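Colleague: Below, each chain spelled out in residue letters.
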Amino acid sequence: MISTDPVLRAEKLSRSFGYRPVLRDVSLELRRSQMLVLVGANGAGKTTLLRVLAGLLRPTSGTVECSVRVGAVTHDSMLYPALTARENLRFFARLLNVNDPERIDELLELLGLGTRGDDRVQTFSRGMVQRLTIARALLHRPQLLLLDEPLTGLDASGRWELVERLGTLRADGAAMVVVTHQPEALHDVGTHLGRLDGGRLLALEPMGGVDA
Amino acid sequence: MREYLRYALTIALKDLAIEWRTKTAFASGLAFAILVLAVLFFSRDPTAVASRDIAPGALWVTFTFAAMLGLNRAFFLESEERALDAVLLTGIPRSAIFWGKFLGNLAFVGAIEAVSLPLFVLFYDIVVWPYLPSLVLVIAMATVAFVAIGTILSAMVVRTRYAELMLPLLLLPFLVPPLVGGVQLTARLLDGRPLSDYLGWLRLIGAFDLAFVTLAAVLFGVVLDE
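Residue numbers (my numbering), protein chains in the order written: chain A, 1422 to 1633; chain B, 122 to 347.
Isolated chain A, as found in the complex (with noise of 0.2 Å):
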């Protein structure tokens, strides 16, 4: 066991859009080394759970409480299309104080987008805006990820590599949030799955990934 304190800790969290409650008193708790696969139909509030988790949108009761770096991947992006790779990352490196200069080629290396760093994010395919979405949450070595739908994008190599490279990051410590429509994908790295049904988190299950 790495460390038994909490990394998140969300209590009765609730957000509403006007009259329209979309999560209801959602209570988890998540220790280094965890990974929570979140599933969910259409609607459940998974996008919208990670976005409060992230800090990005206020829930309307509840808190969250989170103690280390936290790193995201949502649907869009989160890059500028009119720069290149390269120039993204090093915009967000500035704003999180990596000041490792190795680490901007070490990811675009590891993403597998070392020749392309210096096209614009324009020219890139889906799957490899999303590698490099990938690029910019990783880049100050965050100890809690958030992740929605990760795999999108992805051909089938670029799928196991980075269900590979999850399991790594979660072995050396990081816990994470994953939403997915494919939860099979992450059967032997994630260590819990949760259900949101109406945005109520239903009841955790174990999964295939040790628990460390």
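Calculated from the structure, these hints are not laboratory results. Any given hint could be a false lead.
Listed next, the stretches of chain A that the computed footprint assigns to chain B, with coverage defined by at least 3 CB atoms under 8 Å from CB atoms of chain B [to be verified]: (1) 1476–1484; (2) 1487–1501; (3) 1515–1527; (4) 1569–1578.
Some residues of chain A that are not near chain B, with every Cβ distance over 12 Å (derived) [said to hold, decoys possible]: (5) 1453; (6) 1531; (7) 1534; (8) 1535; (9) 1543; (10) 1558; (11) 1561; (12) 1563; (13) 1586; (14) 1604; (15) 1606; (16) 1618; (17) 1621; (18) 1628; (19) 1629.
Every value quoted in this text rests on a predicted model; they were computed, and no experiment measured them. The beta carbon of each residue, even a glycine, is placed where N, CA and C say it ideally should be.
We have chain A; now place chain B onto it with these hints.
Modeller: Just chain B now, with coordinates in the frame of chain A:
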């Protein structure tokens, strides 16, 4: 403080790099400026109205609407792929984001003005050399006010459905005081009036600069909340 300034400059330079590469806002702002200057110039009856009489108004109408094109674009860069979310996730102070966007917008509007001013001199046959430093000061002061308020309003409206329509609707009422001040000061400068004639309007624009910049910097964080 150095770190804070570095964040703001990083954001401003990123905006300018994107504009330099795409040139969309600058090109449309400049085309708009030339069009307005020309239309207003040729719409007057030269036997009844001297070009000098409409010059101050023409100059400020040109600056205002050309700048609005750039202000509209400032937060579209951030909303296009929700890159602003990634900036917020970095945890930098939200006011640093404001200063970054403000500086970027200021540079953009300043560039439009720097190119439009010689065109204005050319069209309206006005000798500005004797008053150039004072005119530049007036333009700079009025520009600070409307870029500050424009920056926060463009952040507010960017998530609305009709953002491009909303920005001018919300912005124009706020622009009336600095804009009227700019027109009045420009007219007085071109008439070669004594300094005592300017001070009241200069103080007014200075007060609006202070109020708009302070309010915008303080309220920016709230505006970014969804």
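Colleague: Checking each numbered hint in turn, tell me which of them this model violates, lowest number first.
Modeller: When the structure is compared with the hints, numbers 4, 9, 10, 11 and 12 turn out to be violated.
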